[in-house]
Amino acid sequence: MINLCVLPSTASCRKAHRWLLEHRIPFHERNMNAQPLTETEIKHLLQYTYDGIDDLISTKSNAYHQLSKTTPIEDMPLSEAIKVLSETPQLLRRPIIFDDHRLLCGFNQDEIRMFIPREQRILKMRAMSQHQMA
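Taking the numbering used here, the leading residue of the sequence shown gets 66, the next gets one more, and so forth.
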């Protein structure tokens, strides 16, 4: 099952929601304001990042700029940074889309395609190649 973690007021979250619906991909949506990610969940997501906590942080957010004035999250020990991210979901890039093997932070029209089931991608590729041959 795909998990879609959103802050509903953001355009990128609405785009991801709409994209998943249009592609008929089942997902579970979670409002991070009402139900923030736990420290355990953030640790789980870190397993799928390339650059660790930097991949999860929204450096353009007001929350990030406010925090940077006192103690930049990059200067915190990992355990403290995870705690802060759990307590302040506005620091996280959004949407956060993940399943048991993949993670996408932020909406990207090309990268979100990784969540299309393999069978669907194969059928689409066959249809495209048949259309090109005709």
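What the hints contain is simulated information worked out from the structure, not anything from laboratory work.
It is possible that part of the hints are untrue.
[As the list claims (entries may be wrong)] For lysine-lysine, the following DSS-like pairs were computed, each having C-alpha atoms within a straight-line distance of at most 27 Å:
| no. | residue 1 | residue 2 |
| --- | --- | --- |
| 1 | K148 | K108 |
| 2 | K134 | K148 |
| 3 | K125 | K108 |
| 4 | K148 | K125 |
| 5 | K148 | K189 |
| 6 | K80 | K134 |
| 7 | K80 | K189 |
Everything numeric in this text was worked out from a predicted model, so none of it was measured.
These are the hints, each one checked on the structure:
1. K148 <-> K108: holds (10 Å)
2. K134 <-> K148: Within the cut-off at roughly 18 Å; holds.
3. K125 <-> K108: At roughly 22 Å apart (the allowed maximum being 27 Å), K108 and K125 satisfy the hint.
4. K148 <-> K125: holds (20 Å)
5. K148 <-> K189: violated (42 Å)
6. K80 <-> K134: Given pair K80, K134 is violated - Cα atoms ~31 Å apart, limit 27 Å.
7. K80 <-> K189: The given pair, whose Cα atoms are some 22 Å apart, holds under the 27 Å limit.
Of the numbered hints stated above, those contradicted by the structure are hints 5 and 6, listed in ascending order.
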